[in-house]
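Novice: Chain residues, written in single-letter form:
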Amino acid sequence: MEFLLYFGGVFEPLALALLIGGTIGGLILGATPGLSPTMAVALLIPFTFHLTPTQGLILLGAAYTSTVAGGAVSAILLKIPGAPANIATALDGNAMAKKGEGARALHLSFMASGVGGIIGVLLLIFLTPVLAQWALKFGPSHLFWIAILGVTVIGSLDSKSFVKGLLSGCIGLWLSQIGYDDIQGAERFVFFDALSGGITIIPALIGLFAIPQVLDMFAKGRMSAAIESIEVPKYKILDSLKEVVSSVRALSIGTVIGSIIGLIPGVGGQIAGLVAYDQARNFSPHREKFGTGHPEGVIAAESANNAMVGPSLVPLLTLSIPGSPTAAVLLGGLLIHGIFPGSDIFDKHPEVVWTFINSMLLGQILMVIIGIYTAAWAARIAKAPIPILAAAVLVLALFGSYSVSQSMGDVQIMLVLGVGMYILEKFGFSAAPLVLGLILGPIASDYFTNGSMIATAQDGPWVYFFTGPLNIILVALVIASIGYSFWTNMLRSNFVDDKEVAQ
Amino acid sequence: MKTFLKTALLGATALTLMASMSLAADYPDRPIGVEVSYGAGGATDFQARIVTIPAGNEDILGQPIYILNKPGAGGRKGWNWFATEAAADGYMMSAYNVPHFIAQGIKGGVKYDADSFEPIANWGADPAVVIVGKDSKFSSMADLIAYATENPGKATTSGAGLFVGHHIAALQIEKACACKLAYIPTKGGGAAAMKAVIAGETLAGINNLSDAARAASAGNVKILAVADLERHAFLPDVPTLKESGLDVDNASVNFRGLMVPKDTPQDVIDKLATQVPKMFAHKRVTQKMKQTNSPVKIMDRAAVQAMWAERKATLTELLKGL
Amino acid sequence: MNSHRMQHVVPASIIFGLALLVAYLSFTQEPASAFLFPRIVAVVFVLLAVWNFIRAATGLAKVGRGLAKQDSVNLLPGLVVMLVLVFWAAKALGFYFSSTIAFFLVYSFYDPAPYSSSQDWAKRAGVTLAFMAVIYGLFALVLQVQTPRGMFI
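Chains as they are written, first to last, in the numbering used here: chain E, 18 to 520; chain X, 44 to 365; chain S, 3 to 155.
Heads up, some of the hints might be wrong.
[What the hints assert, rightly or not] The calculated lysine-lysine pairs, modelled on BS3-like cross-linking and capped at a C-alpha distance of 25 Å, are:
#, chain 1, residue 1, chain 2, residue 2
1, E, Lys-154, X, Lys-230
2, E, Lys-115, E, Lys-237
3, E, Lys-154, X, Lys-177
4, X, Lys-230, E, Lys-365
5, X, Lys-218, X, Lys-285
6, E, Lys-177, S, Lys-125
7, X, Lys-177, X, Lys-285
Don't read these hints as lab results, they were simulated from the structure.
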């Protein structure tokens with residue numbers, strides 16, 4: 018209960034102002050396509066130079082928490098995930114917004130984020146020493162299997178046709194291999210110069226989700242624009258609260274999966290939302306409703322990606338090992354202020370660390386409150402006339418994909434992928450499995466190479482990848498997951514029919 | 044619409060005129076970027092952020108410096124971009140890591156070598172160290188080398204990537220002991236290589252002195268030797284590789300500094316070359332570098348040019364057989 | 003029904019061709035050690051592409067209605083603006099200048115309001131400038147992202 022002693026630090030006027038400012042700023046940055054949590058935190062580091070270490074960390078912690086949640090806003094309203102973490106939110110969230118339930122979807126997403134986030138931070142507070150040892154157990158072979166486990170989700174994810182879902186995933190896996198191989202530095206599949214840097218995830222995400230949206234709006238032509246704008250009725254906060262509380266299943270699946278994935282260094286939490294979404298669907302009695310605007314989908318995805326925030330700091334604070342790209346930026350923020358994470362950090366700098374953690378706890382609550390109060394207002398974005406929306410998303414896509422690493426090559430890749438995805442979507446392929454392949458490809462391939470190198474030096478690949486309890490558990494999960502998706506998608510639908518008949 | 048276009052065009056023309064009037068005499072008149080070829084939060088990144096803090100002071104550059112991260116493939120992605128795409132107008136600098144980019148240039152497969160860039164100044168020098176886990180059976184270089192000699196190719200040694208300082212050190216050790224290590228480049232740079240040692244995924248590792256010193260003081264690793272000519276002030280008790288009986292010089296020491304693309308105007312280079320060392324020596328910088336355990340070594344442009352040339356010769360020799 | 007089937011066969015063939023290309027490259031390029039994982043992906047890719055092709059050829063594939071002619075005609079002007087913006091204008095003319103023009107063109111073209119009314123033109127210009135001001139404020143002033151300046155800004 019040591020953390021309670023340091024709660025005073027959070028309520029100092031400047032600290033509180035930073036917390037509120039960081040939360041609001043984080044929500045806005047998170048909702049802007051192209052500004053991922055990692056980038057938002059990196060952009061804020063220069064501001065912390067003028068602050069004390071504690072104040073600086075409060076700002077960074079608040080921004081981290083709220084950008085993850087803010088990404089849900091554009092995912093729900095525009096079907097453009099602000100960051101990889103929000104892809105799963107877009108699947109059902111946007112369907113809800115299209116039905117006119119945008120405000121409800123936003124309420125649910127913020128409340129679910131809050132619940133997941135608070136539990137995640139509590140895990141960080143109470144279980145850090147235990148969890149830190151656990152996080153170290155995952156070596157290259159385990160991380161490889163985890164990535165493969167993620168790949169097995171691909172086929173069933175947001176796809177009306179099993180084989181086309183798998184194919185989309187395969188295309189994503191292949192695209193992820195373009196450019197320099199991260200470990201050996203060999204060039205692969207570089208057909209022209211713009212590809213030599215590889216396909217960066219954020220520009221790809223913008224291209225694959227935003228550009229098809231824009232093209233779809235264009236395709237409606239000049240005439241129908243006025244009819245299309247949807248009504249956004251207000252939704253009672255109390256009703257949303259009741260709904261979140263009653264969705265215990267989705268909420269707990271999301272929180273548990275998010276916490277576990279956040280803890281494993283190297284997987285990065287980008288896939289927490291997607292895996293939780295898939296599992297929530299597998300365990301739900303309303304399986305078929307997922308993808309059509311089912312609230313459980315939003316709740317599972319958002320509780321997972323915020324639950325990941327707290328545990329992802331465990332290996333960072335105790336071992337100085339950042340578990341995700343955002344945690345790596347936070348590590349830089351700590352080091353700049355002369356705070357060296359390590360097992361003794363809680364003894365050496367208790368006032369800094371505990372204030373930081375407390376501010377994240379309070380930040381989650383503030384994020385829910387501010388998010389909900391702006392939801393009704395934000396939901397109106399969906400009411401904007403289509404031509405304006407199309408033009409705005411186009412300009413945002415340009416700026417967002419450029420600012421990630423200030424490269425025109427990224428912008429061009431963004432547009433080409435987007436136009437390609439538009440065509441593919443028309444033939445029944447979908448963006449979510451493709452992005453999942455794109456995210457998991459480098460993880461799987463690099464740990465595969467890495468593991469093989471260690472294996473060759475030790476007892477050979479079979480021993481290295483297939484023995485030891487953790488490997489065996491993960492391989493069993495992979496097999497179970499493949500078997501399950503074959504069973505549900507193939508046998509149940511008599512091997513032949515697409516799940517949904519041609520529209 | 045016409046009137047709108049006209050106004051927009053007029054406004055834009057005025058802006059271009061203003062922009063073209065301010066030439067190198069007023070350089071810099073807007074913020075300057077520093078491209079870092081490693082991820083945010085890594086040692087190169089946070090040191091670059093520290094040493095550029097005072098850039099905005101009137102007596103330094105008068106304009107702030109912002110950091111642009113382009114991580115990937117051991118730095119190749121960022122430096123490729125810098126060599127081919129960055130504007131050579133002084134508004135985009137890059138943080139260099141020697142020997143990394145020189146070795147990669149020699150090894151080939153990239154669009155740059157030591158001649159593609161003009162050095163500005165050097166801010167730090169971080170030697171490579173050999174580390175093992177805290178419970179490792181090895182307690183000296185001799186133990187590790189004995190194991191590697193008995194089990195050729197089985198002494199797994201993690202490092203940040205191929206043809207970076209850590210890899211160079213591993214190659215030099217192999218050459219000196221006439222034995223074979225299993226060098227394992229990790230995904231995710233120095234932090235991941237450190238994790239591999241702490242978690243026992245590899246038997247040993249080569250890492251940055253500054254990061255290893257922190258991990259050692261937290262009790263997570265043991266440091267066996269320093270790959271430099273002399274013992275380091277941070278670790279007075281740790282012997283050099285030479286003292287441990289291995290003929291390894293300082294070719295793997297990770298020098299960090301700033302550079303610009305080759306075609307940058309000479310007056311811009313001159314201005315940066317006089318002002319940037321002042322920035323590195325600024326009181327706020329030295330204080331923060333000390334606070335963060337970052338080894339400082341300020342060198343001016345001429346000294347860096349000499350160092351690059353020397354490194355290029357040594358590395359060409361070392362990498363010849365590979 | 004035949005045209006419907008063709009509509010699935012053509013993309014399935016293209017995907018199959020892509021899979022073959024990826025497989026060919028993965029198994030022929032050097033260094034082989036960097037292509038181990040791409041090879042695994044390529045094999046699975048080819049198998050799935052065959053499966054997909056068989057489904058398309060036998061008429062089992064039903065999802066996706068393909069590209070409608072009217073849609074393609076409608077989106078063409080917007081697509082052209084996009085391509086010109088990304089591949090030329092953004093860098094040559096400067097990000098803010100070219101984005102303003104692109105926003106204005108797209109908005110004006112797809113806006114159903116009549117082209118004859120000057121009031122509507124004023125509204126289009128106003129919305130464009132207001133939006134671009136927000137973008138400028140966020141990216142240039144708050145986040146200080148440097149964008150290519152090109153001829154203008």
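Novice: Could you tell me which of the numbered hints above are not met by this structure, giving the numbers in increasing order?
Specialist: The structure breaks hints 4, 6; every other hint is satisfied.
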